[in-house]
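Undergrad: Starting from the structure of chain F, add chains A and S with the ligands where the hints point.
Residues per chain are reported as follows:
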Amino acid sequence: MDTFLIDGQSVTFEPGENILQAALEADIQIPHFCYHAALGSLGACRLCAVEINPKDSDKNARVVMACLEPAQKGLEVSLSAAAAQQVRRHVIELLMINHPHDCPICDEGGECHLQEMTVACGPSYRRYRGNKRTFPNQDLGPLIHHEMNRCITCYRCTRFYQDYALGNDLGAMRLRNEVYFGRFQDGPLENPFAGNLVEICPTGVFTDAVFRQHFARTWDLKTAPSICPHCSVGCNTLPGARDGTLRRVRNRAHQELNRWFICDRGRYGHQYSEHNTRPLSPRVSGINTDYRSALAAAARKIQAAAERTGGIGSVREDLEGNVMLRSLLNDLKGIFTAFNDPELEAATLTAVSRMQELDNTPHLAALEQIDAALITGDLTVHAPMIDLALRQAWRNGAKLAMLHSSVAPLTQFASTAATVAPREIHDMLTQLYRQISRQPETNDAVTQTIKTIAATLSQARQPLMAGVVETSTAQDIIALAELAKAFEPAAQLIYVLPGPNAYGAALLSAAGDTVSLLKAVERGEVQTLIVAGSDPFSEPRSGARWRVARQKINTLIVLDCIATATAEAADILIPVAAWPERSGTFVNYEGRAQGFSTVFHRPEYLPSTADIISEISRLLENQLCDAASMLQDSFPGFQAPTPGTPGVQISAQHLPIRNNELMQTEPYSSDNGWQAALTSWLGDEPLAGFSPALTELAPPDTALINPESAARASLKSGSSVRLWNSVYSVETCVQINPSVANETIAIPRSMLVRLGIGHGDSLNLEQLV
Amino acid sequence: MEAILTRHLDQDNPQNLAAYQATGGYRSLNTAFDLKPEKIIETVEAANLRGRGGAGFSCGMKWRLRGADAPSPRYLVCNLDESEPGTFKDRYLLYGAPHAIIESVIVSAFALQAERAFIFVRGEYAKGGHRLIQAIREAETAGLLGRNLGGSGFDLHIDVHLSGGRYICGEETAQINAIEGKRPNPRPKIPRPSTHGLWGQPTTTNNVETLVNVPHILMNGAEWFRRLGINGGCGTKLFCISGKVKHPGVFELPCGTPARELIYKHAGGLDNDERTLLGFLPGGASTPFLLPQHLDVPMDFDPVAEAGSRLGTGSLIILDDTTCPIETVLNLTRFFARESCGFCTPCRDGLPYLVQILNAIATGNGSADDLALLDELCSTIATQSFCAFAPGAVMPLVSSLKDFHEHYEQHIITQRCPFDASRKEAV
Amino acid sequence: MTDIDTLQKDLANLPPDHPDRREAAVPAMLSLQSETGYLDDAAIEKIAEVTGLSSTEIEELATFYSLIYRCPTGRHIVQICDSVCCSMRGADQLLTAAENYLGAPLGGLASECAPTVLPSICLGLCDKAPAALVDGEAAGPLNRTLLETLLKRLQTEE
Ligand SMILES: Cc1cc2nc3c(=O)[nH]c(=O)nc-3n(C[C@H](O)[C@H](O)[C@H](O)COP(=O)(O)O)c2cc1C
Ligand code: SF4
Ligand code: FES
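Residue numbers (this note's numbering), protein chains in the order written: chain F, 1223 to 1991; chain A, 2 to 428; chain S, 93 to 250.
FYI, nobody ran anything at the bench for these hints, they're computed from the structure.
Think of the CB as a built atom: it goes at the ideal place given N, C-alpha and C, for glycine as much as any other residue.
Careful: at least some of the hints might be erroneous.
Said to hold, decoys possible - Per label pair, the in silico range of CB-to-CB distance:
no., chain 1, residue 1, chain 2, residue 2, range
1, A, E141, F, S1637, 31 to 39 angstroms
2, F, A1475, A, H406, 51 to 59 angstroms
3, S, D97, F, P1921, 27 to 35 angstroms
4, F, M1370, S, R167, 30 to 38 angstroms
The shape of chain F in the complex, shown without the other chains (with noise of 0.2 angstroms):
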């Protein structure tokens, strides 16, 4: 590789590359402000002066901005020379001129990129006489706080809001020294990757709102590796606490996954932890009571109930707690599973060993590098890293081709766009797979729709599927891999899985437990359920039925950090650790495993799920050996990884699923009405839905139709309706939505779990005057 030197010291770098990129990779720290390795070069700030001698030519030395000038072979470049030097200090004077001087209270201190460019570069003293210019702010929501005063102008938030992140609703406005980063109006930011803001602004204009409630000083903040426990991208991130309680969440780049950013999901869900329904003592009969006493009661009653012990583990759980359940169940010959209902058991298994088959899943940045892509469902919620990533696949000039029922927000990018019924997703994958393999049948009628994504597919180097567990069939699951083998090897395959550490829970399952064990449920046939951080009482589709078999149990068992429904009903409530206050293993969607440490503990007692079920054994006589050899008799050679480590693949066998074995759940009631879809929105996962400023964000309980079939039913955005399955029914009102597919009522999560329905279920309308 070539070099040139800065300041006598060689550094190399890659064709293409300038002085400032080729020197922070070097390690060598040139003063910067509008430079972001994430947003490249602008040569806006005009601090990153240098001086070059050019070699081999009668040019004069020249002060030139390292993050425009290329690195050439041979280059001497000075830092220190004294011209440039005094470049750095009159711009840091000029950005101080109208700074405020309010470093002692700023959100930003300790951390601000600023004051450690001002420190490096600039004069001490000041000799501007004039007055400071001043901004009004903006209320940009509850998750960003606003602080114009104290903007350099560097434009690293709206490069990175509109140009990165693709929003529309943050700008540059004004010009000259007026220049006034904001929306048109007050009101949230809307780009679900907002929060980024927060660490890209390097200095406080955009600080994070949450955090400010509770402040504490950066430099105070105890924090470890951890991983983000709101989607199965698994995100690596940096959370900070103080005093024994969280205060904030910030990325912590890996360069294969979340880079330099994460979601606002995985920045503001942490707030479930400092819930103040969130469950810190145990719970006798809905007595407050001690750990020892809890684990006693729960030990006596697991005795009675013998081989009729159940138990439910979860995709949020990580692969210590899920493996020691199984094992206590093991033991006690009683089924486990690490699932709540029994068709998202199926869909994840299958999609699982898919991924394992085809052995093609790409990480994030990976992602951003392909260029087509079939997408089904939603990413932005159920994944919003992924979505990031394919916004940077378009930037790069990818084509999207999207299927969906309901809202997905990426389709603003998508260059073919259709909207499908839940039940006719497969059919259309099935339709797709024969034109491309070019077998249509006489009597497909193969819609321009099919044509052009075929086409599409077919052109790409290098075809990405796409699928949400959650919001598919086995069997579309199964016809989006086929689609992918088609391409073969050439096509890549994703699937974004029901929680943090599906991809764990489902290595840890057997198909058809989960139905087998709500059966046994709703037989009588288990007296004693444990539920280790799953929330059965409010699955959509079984739900109402985990409610209704609930009375057959004599003794419910929960272990949760969270006040959820079945935790509400719990005769036995045992509390754990949230995820920053334990060490475990998730594995992401990938099958990478990762570690994440314990940032901090709270000042009461909080055991992890691994340590409970631990000594739940013990008093039963019975000690299980540690999570760490139960997860090596499971996968054979498998060392967790360490926290702060890129992580690990799991390697597992490849599940043994055969299709057969995945159909045995019902099918779709099939009447010809309406089909329930889920319709989501970013706070939407089990443990967001606790952060107050999250849910503030919202959007309204309402049944979304899209114009053509509300139309057809005389409906009207406002109308009142009342939706209906057998047995239960919720009253709404309508609005129109034409990202909703026909005959389809798009309905939030809420409705469903009350209506004990899941996505693509049969569902009834009447409208109500």
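TA: Chains A and S with the ligands alone, transformed into the frame defined by chain F:
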């Protein structure tokens, strides 16, 4: 001298298509269509036609360097944003001879094989812009624009873009952003607009006055054009003269005409014969001052540069000995601070700083260190800004620190403006 | 100038990211403003709707340009040049005179029929210094008396 730029000019009653054609208008089209585009470019380069928008770059060379093989679509932008204080020559062309502009855009677009041209008109010239649009409609109806125009096999569409108003929109890359509907910040110098201009396609920008020369060069040849100039200059130039002179106005004169002749002969000398000349800006607001000793410098690019200034837009702003030079520099600097696009730090925050210091000096609140501070700040602003706006902005200031050093000192020492008395008398 | 309705029709069938939409933003603003005098928030939203850009994107442009007015203007607009040549010939005094005459700061409206007087960068009328544009028509050289007569005429004119 032969008037070429002002030949068809009539401010009150500009020629319509018929009148323009009757007096020889649009004849260069046929000459052009008979030639190969490369040949036209060669001729323009041989004529040594230098850009009239401020920088004085060779027009023919710019066209040649864009390359005949530049990918389609290719664009031509005619810059009629004229907002440089002291400059008003393009207004004369716009209001006085819209068809001359259209003719030169057609011929130039043909030379560059550009299929779409924009005429970027400053918003304050909206009335003229509307006249120009009417003239374009006339030309379209007559088949002089559009598909296969004039039977040449060449297609051209001309759009008039009326600016929302800002001095920076005159800068070529900011103008490209403005036309595209983006915020008119300048773009990086690399890649160049000649290869990556409007919508990423090859784009050539020229000042309107530059282009209006082209038909005449084609009709009469390079040699003829070169000989129009004197004292080494080539062609004629629309000189604007304003400030403290008797007859401010636009004068078409040979390139190389000495300043003395422009000021004392054509503009009628100073307002008040009892006054003496203090100095003048030779090329608009963003050029260094020249002093009475420079009166015999030929007003052409190289000689003015040798004298330490720039010909710029060829707009002379005259100061007499009742004009406070500090006040003048303050006004200019305030103008630039106000018009800074706000993109880069030295310009955005440096110019208001300069204004603050100058204002203190001008109002008798200056301090002894201020002059060194001004000089020091200007060194960074002039060399390290993102575009050419800020370097131009500080030129008069930097030169005034030398040329009017005593005036500055006097303000600082006496803590007042010595011109206060005469200013009152002016009202 | 293309009127806003024509623009809306021209843009209606273009794909959302078509460059013509952005290109039309400033022409659309100037066109709407020529009918309404200035652009209020509703007007910005209207332009956003016509072009398919967001209202923030429109505001980014609207607030950059000096000739796009986001505050109410009078029936007539007088732009008085305050740049170098006009300033040398008394522009500053003209601006003060205008403020005094109208009883409102520059840009402000003392009464419904008052004209809007704005300071302006060099208008390219240096040969008529001190100069002004009155509803787009050049006026100059002005002095205090001429200006006051002009303002009076504008104020009383129907
Ligand atoms: C701040 C700034 C303002 C400018 N304004 C104008 C202008 O109003 N009209 C113009 O023709 N050129 C202007 N220019 C010069 C243009 O960028 C460009 O060089 C010119 O239009 C090229 O035409 P020419 O080669 O024919 O001179 C300006 C340059 C700068 C840096
Ligand atoms: S020098 Fe900088 S701030 Fe000034 S106009 Fe150019 S880019 Fe804008
Ligand atoms: S980092 Fe180079 S100019 Fe800002």
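Undergrad: Using the beta carbons of S/D97 and F/P1921, state whether their distance is inside 27 to 35 angstroms or not.
TA: Since S/D97 and F/P1921 have Cβ atoms about 33 angstroms apart, the given range 27 to 35 angstroms holds.
Undergrad: Using the Cβ atoms, figure out if A/E141 sits within 31 to 39 angstroms of F/S1637.
TA: For F/S1637 against A/E141, whose Cβ atoms are near 36 angstroms apart, the range 31 to 39 angstroms holds.
Undergrad: Do the beta carbons of F/M1370 and S/R167 sit within 30 to 38 angstroms of each other?
TA: holds (35 angstroms)
Undergrad: Just tell me: holds or violated, for the beta carbon distance of F/A1475 and A/H406 against 51 to 59 angstroms?
TA: holds (55 angstroms)
Going through the hint list in order, the structure satisfies each hint without exception.
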